[in-house]
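Participant: In case you want the letters, here they are:
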Amino acid sequence: MTAPLGRVVATERKPNTPHEFHFWTSLESVVGIGTIVRVDGAHAVQGQIPHIYGIVVEGFSYTDLQSPMHDVLGHDGSPANAGFSVTERAEIRLYTAAVLRQIPEEPLQPVPMGEVFLAEEADVAAALRMDGYLREGANTGIPVGVYRAGATDSVVYLDADFLLGPEAAHLNISGMSGLATKTSAVEWLLSSVFAHFPAEKGSIAAVCFNVKGPDLCYLDQPADRLEESDRVLYEKMGVKPEPFQNVRYFAPYTAKGYALNTLRSNEALLHNVTPLTWGLREVLQYAEVLLNKDDIDAKADALIDFITERVVDRRMEKEGPLSRDHTVQSFGDLEAWFRDLLQGMERSNAESWRTHHIATIRKVRNRLSNISTRCAGLVTDTGDVSDLPFGSFEDRSVYVVDVASLEEDAQDLIFARIVSKLREHLERRDLGVKHLIVFVDELNKYAPGDGHDTYVRKMLLDIAERGRYLGLVLFSAQQFRSQVHRRVVGNSGTALYGRMDSDELATPGYSVLSPATRTKLATLEKGQLMVRHPHFTQPIFVRFPRPAVMLGRDGAERYPQATDVTLENALYRSLRGLDPDITMAWVQQHTALYDEEDLVRARNATLLARPANVRAFFQSRLRTIVPPEPVAAQGRPAAKPLRPIPIGDPYGD
Amino acid sequence: MTPDPVTGGNERDWPVSTHEATRFILDRLRDSTPLDGAPTDAGRIARQDEPAVLLAPEVIEGDSLAALPVCDPVSARGVSGFAAFLDGSQDVRVVNQANGIPIVWATVSATVRERIDRRLVSWQGRAPLVSRRYYIPFRYVEGMSGELRNDSRVVDTAAVADSSGNFPSPHPAALLEAAVKRVQRDRDDLERELAEAWCSSEDRVLYVDGGIAGSEAVSASRLVVGVVKSHRRIYATGDAFRILVRLEAGYRTSIFKVSSRSRSAVASWYVRIRSAAGRDALFGLIRVEASLTEDIASRADEISCWLIAEGSPLALPDGRWDKMAYGIRNTEEFLRAVS
Chain X
1 MTAPLGRVVA TERKPNTPHE FHFWTSLESV VGIGTIVRVD GAHAVQGQIP HIYGIVVEGF
61 SYTDLQSPMH DVLGHDGSPA NAGFSVTERA EIRLYTAAVL RQIPEEPLQP VPMGEVFLAE
121 EADVAAALRM DGYLREGANT GIPVGVYRAG ATDSVVYLDA DFLLGPEAAH LNISGMSGLA
181 TKTSAVEWLL SSVFAHFPAE KGSIAAVCFN VKGPDLCYLD QPADRLEESD RVLYEKMGVK
241 PEPFQNVRYF APYTAKGYAL NTLRSNEALL HNVTPLTWGL REVLQYAEVL LNKDDIDAKA
301 DALIDFITER VVDRRMEKEG PLSRDHTVQS FGDLEAWFRD LLQGMERSNA ESWRTHHIAT
361 IRKVRNRLSN ISTRCAGLVT DTGDVSDLPF GSFEDRSVYV VDVASLEEDA QDLIFARIVS
421 KLREHLERRD LGVKHLIVFV DELNKYAPGD GHDTYVRKML LDIAERGRYL GLVLFSAQQF
481 RSQVHRRVVG NSGTALYGRM DSDELATPGY SVLSPATRTK LATLEKGQLM VRHPHFTQPI
541 FVRFPRPAVM LGRDGAERYP QATDVTLENA LYRSLRGLDP DITMAWVQQH TALYDEEDLV
601 RARNATLLAR PANVRAFFQS RLRTIVPPEP VAAQGRPAAK PLRPIPIGDP YGD
Chain W
654 MTPDPVTGGN ERDWPVSTHE ATRFILDRLR DSTPLDGAPT DAGRIARQDE PAVLLAPEVI
714 EGDSLAALPV CDPVSARGVS GFAAFLDGSQ DVRVVNQANG IPIVWATVSA TVRERIDRRL
774 VSWQGRAPLV SRRYYIPFRY VEGMSGELRN DSRVVDTAAV ADSSGNFPSP HPAALLEAAV
834 KRVQRDRDDL ERELAEAWCS SEDRVLYVDG GIAGSEAVSA SRLVVGVVKS HRRIYATGDA
894 FRILVRLEAG YRTSIFKVSS RSRSAVASWY VRIRSAAGRD ALFGLIRVEA SLTEDIASRA
954 DEISCWLIAE GSPLALPDGR WDKMAYGIRN TEEFLRAVS
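Those protein sequences? They're chains X and W, same order as listed. Residues 1 to 653, numbered by the working numbering, are exactly what the first sequence covers, in order. Residues 654 to 992, numbered by the working numbering, are exactly what the second sequence covers, in order.
Since the hints were derived computationally from the structure, they do not count as laboratory data. Any given hint might turn out to be false.
Ranges between beta-carbon positions, derived for each pair [said to hold, decoys possible]: (1) X:Asp153 - W:Gly734: 42 to 50 Å; (2) X:Asp153 - W:Arg772: 44 to 52 Å; (3) X:Leu73 - W:Gly734: 52 to 60 Å.
Which chain X residues stay away from chain W? Per the calculated CB distances, all over 12 Å, these [to be verified]: (4) Ser61; (5) His70; (6) Asp71; (7) Leu179; (8) Lys236; (9) Ser348; (10) Glu596.
Reference excerpt, derived from the structure (chain W facing chain X, CB under 7 Å, subset only) [claimed, not checked]: (11) Gly731; (12) Arg771; (13) Arg772; (14) Val774; (15) Ser775; (16) Gly778; (17) Phe791; (18) Ala962; (19) Ser965; (20) Pro966; (21) Gly980; (22) Asn983.
The structure presented is a predicted model; accordingly, all values stated were derived computationally and were not measured. Beta carbons are placed, not taken as given, at the ideal position from N, Cα and C, and that holds for glycine.
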C-alpha cells in the first residue's frame, strides 16, 4: 500500500463540506493544482469505509509568522541575512480539493478526516466515473489525454455517448491562438474518435471547415516532428500515430476560375482536392444567407420564392411581357429571363407582373445577379455543380472544405448550404455515415454572442440544440468563449480549454473556477488541456500528443501554394491529374482555338465527370469548330469564272 | 488498546479532553459539580513561592564577573551546534469541584524536536511524552471510589506533609497551588526523562528550555545546554549587577557556578543575544547552564555564539521572543497541537 501524502484537516472557520475538503501535505509532495487525490475515511458509514475522490483546486502556503514585520525585524531588515537562519520557519502546504465523487454516494456527507493518497489509475477511473462506460463489452471510451501526477499516468476517456450523442453531444475548444491548442486538439481528438468509436454504434465521418491559414490542409500527410514522448502517449491511448487515411479536400475556384482557391494547390497534393462549385439551383435556396434584411422584405421574399418554385428548372413559355420561351437553369439563364421580362414590362408600360411590382423585380434581379459576382469561383453562371459526396460519405473519412481564402459572403453560403445538406441527409439517413462531426473554428465570428442574427448563427444554434438527435455533432473552437453565443457553448456537453488569456479568464463564465485553476489555465503548456465532460464533476487537466499530421506551417513550406497560373498551365495541371499523358502542346492547341470561358467550362465538366478518356470528353464539351481546309491542288477542278472579264475593262484586274 | 506512554494505562477509556475529563469525574464523584474548565495560569501560581532575588555569583572564570565579547551578533547567524530542542508544556484546568475542593485535570507533555536540513521534526520520529492526570486531594474529597484512588493517573495532592508536618490547607487556593506544583514536577520528570534519553543515545548537543541541574546525568553531560529565560534569581550583585545590565549584544559574562543542596552543580553565564537599547535591562538576556568541564571557558564562547545564532528567526508572537529560540517556540507549538 502506498504511503499517504496528506491528511484531511478542517477547522470551524474552514470546514469540510460534501463538495470540498482541505488537506495538508509535506513540503516535498507532488501535489499541485489539478492533482486527483483519494481520501480514505477512518470510520465506516453503514458498514463501508468511505472513499472520497477530489481534485486540487486551490493551494495555500504559510508559516507561523504572524506579521511580515516580524521577519523584517528577525533579519535586521536585510533580506541577505534571511538565508543564514539556522532554522526554517514551520511551513504548511494546505490544499483545497473539490469532491469528484464519494463512495458510497449515499448518504452524502461532509468529507471526513482521513489520510489522503495520490490517486492511482483505478482511482482516476472511479473518480471520473469512467468505470461506468469502460466496462467490458460496453466500452464507449474515447481517449482525450493522459492525466499525470507523480507516478500516476492514467488515460482519461470521454464517453462517446456524451461526446457524439445521443445522451449529450458537441465539443467546444477555447484557447489562445498560436499555442497549438485548438487545431491540434481537434486533429488529435478526431484520430482518437476514429480509432475508438465503437463499431456497433455505426459509421462516423468528419467535415472540417478550414477557415484560416493552412491549418487543416495537410491532414493526410505525416507529421514532420513527432517525439518519442508523443509516441508513448499514442501507444498508451491506443491510437496509431499516423495521418488520416481517407481525406478529401473541397475548395472553390479563384475568381478567374483557373485554379482552386486553396493553400493546398500544390500539384503534388491535388489528387484528392475537388472543386466546389454551385449553380443557381444550389444557391437560390440559400439566397437568404447572402441577402441582408434590407434586401429581403416580404415582397422580395415572395418573388424569390416564386422564382425558386415556378421559374427555376421549369419551362416558361412566351406569354405576357416575355418575348420568348425560357428554361432557367443557371445564373446566365436567370439574367436573360429577368432582362426579357423587364424589357417586356417596360414596353407595355406594365407596373406589375403576376402581382410582383416592377421595382421589386428590379431589386431582386439586382441582388440575385450580383451573387455570382460576389461568390465568383464558387457560384457559376453556367450551372455546373461540383459538390461534397452527399449520400456516399465514407466511414472514418475527413472532408475538408477550405474556405480560408474566400470572402465572407461565400464562406457563409458554404457553411449554410453544406450544413443544411448534411442535416437533410442525416434526417433521411442517407448521408452514407450514421454520425457526422462538423468542425468549425473561429466561432467568435460565426456565432457571436452579440450582433444581429445571421443565417449561419441560426444554423449553428440549430445544430447545437438539435443536432445530436440526428447524429450531427458540432466540434467548435474559438479564442474567446465568452464572446460566443451562450446557447452554442452551453449545449456543448464537452469543453476543452488550452492556455487562456487573462482578460478572458476574468469574464463571468470562468467564475466557477478557483483562482488557482484560472492561474493554471493562464499558464498551460502546449499539449495540455483542461477538460469538462458531463461525467466529470470538476474540470480535469490532461496531456495530449502532438497530432500525427503535418502542421500547417510545415506543409506550407514543403508544398508551396501554386503561384498564379496562366490558363494553359491551369488546364494542363488539372487535366494531367486525370490523364498523365496530356501534354502542354495538346493543351495549347485548344487554347489557341477556344475562348477562355469555354475552356474553363470544359475543364470543370471534365474534372467533375472524371471520364476514362479525358481528351475525348474535354473536346466533346467544346463547341465544334470546323477547321479551315487548304484548297486541294489536284483532283478538284478549278472553278470557272462566271463570265470573262472584258478586255480593257477599267475596273478589271 | 493504546497504552499511555507514561503511565502504561489504557488511553481508550481515559479522557483526552477537558470536556471528557469533566464528565468522567462527574460520573464517579456524585457530589461533584462541573466547572467551565478554563485554563489556569499555572506559571503565575508556580512563581508565587519563588522570590525575586539578587545572588552573589561564584565566579569560576577570572576574579569577578566581567563582560566578555563573544561574537558579532549579526555575523554569528547561520552557525549553531544545537541539533535539537527540548521543551515541555502543561495545561492545568479545574474541571470539577466537590464541596469546594478543586478537581484538577492536567495535561503534561514534553518532546524533543530535531533539526534536519534546517527544519524541525520529531526526534527519531518519536511521539511526544504526554500524561493526562487528575490531581485530587484525596483526604478532602468524600466518596472517592477505590477505582479512582488506586489509579496511577489520579494523583493525591495532599498525601505528603511539608517539612513541618503540615498537610496542605483545605483552602481551595492552597489545594490548587499544591496541584500546580505537582503538575510542574510531573512536567520536569518528563523533560528529564527525555534529556537523559538524549544523553544516552546521541553525540550531538541538545538545547533545553530551562535549567539542567535537576538531573545528575544531564547536568554532567556535555551534550546538553540549558537556557533560562526568567530571571527571578539574578546571579549578580553590586558591580557585577551593573556589568550585567549593561551587557551588550554579543557579549557574555564570566562563568560562575550554580549549585544547591537539592540540585547538581553546573556552570552558568549570561549572554545578551539582542541589543537592549531602549528596552528594559533584561531584554535579550539569557542565562546558560552547562556541565562543569575543564574547557568550559572555550565552550562558553562557542555555545554563546550558537545561542545568538538561534535568535533568528524571531520567536514572535511569543511575548518572550527576545530571549526565546525559535526552536523552542516551535516545540511549544508542536506540543500545543498534539497534546
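Participant: All the hints need checking, so say for each whether the structure fits it.
Facilitator: Each hint, compared with the structure:
Restraint check, Asp153 of chain X to Gly734 of chain W: a C-beta distance of roughly 46 Å satisfies the suggested window 42 to 50 Å. Look at Asp153 of chain X against Arg772 of chain W: about 31 Å separates their beta carbons, and that is not inside 44 to 52 Å. Between Leu73 of chain X and Gly734 of chain W the Cβ separation comes to about 25 Å, which falls outside the hinted range of 52 to 60 Å. Every beta carbon of chain W lies more than 12 Å from that of Ser61 of chain X, the smallest distance being close to 14 Å; the non-interface claim holds.
Its beta-carbon lying about 4 Å from the closest one in chain W, His70 of chain X breaks the requirement of being farther than 12 Å from that chain. With 12 Å as the threshold on Cβ separation, the claim that Asp71 of chain X sits away from chain W is violated: the shortest Cβ distance comes to roughly 7 Å. With a least CB separation of 39 Å from chain W, Leu179 of chain X remains clear of the 12 Å interface cut-off, as annotated. Interface exclusion of Lys236 of chain X from chain W stands, the closest Cβ pair being 37 Å apart, more than 12 Å.
Distance check for Ser348 of chain X against chain W: the nearest CB is about 103 Å away, which clears 12 Å, and the non-interface claim stands. No Cβ of chain W comes within 12 Å of the Cβ of Glu596 of chain X; the nearest lies about 83 Å off, and the non-interface call holds. A distance limit of 7 Å between C-beta atoms decides the matter here; for Gly731 of chain W the minimum to chain X is near 3 Å, and the interface restraint holds. Hint status for Arg771 of chain W: holds, given a least beta-carbon distance of 5 Å to chain X, under 7 Å.
About 5 Å separates the beta-carbon of Arg772 of chain W from the nearest beta-carbon of chain X, less than 7 Å, and the hint is met. With its C-beta approaching chain X no nearer than about 10 Å, Val774 of chain W sits outside the 7 Å limit, and its interface hint is violated. The interface hint given for Ser775 of chain W is broken, as the beta carbon of that residue sits about 13 Å from the closest beta carbon of chain X, more than 7 Å. Evaluation of the Gly778 of chain W hint against chain X yields a violated restraint, the C-beta minimum of about 14 Å exceeding 7 Å.
This hint is violated: Phe791 of chain W has a C-beta 38 Å from the nearest C-beta of chain X, more than the 7 Å allowed. Because the beta carbon of Ala962 of chain W sits about 5 Å from the nearest beta carbon in chain X, less than 7 Å, this interface hint is met. For Ser965 of chain W, the suggested interface contact is upheld, since its CB lies about 5 Å from the closest CB of chain X, less than 7 Å. Checking Pro966 of chain W against chain X by beta carbon gives a least distance of about 5 Å; that is within 7 Å, so the hint holds.
Of the supplied interface hints, the one on Gly980 of chain W holds, with its beta-carbon coming within about 6 Å of a beta-carbon of chain X, less than 7 Å. A distance limit of 7 Å between C-beta atoms decides the matter here; for Asn983 of chain W the minimum to chain X is near 6 Å, and the interface restraint holds.
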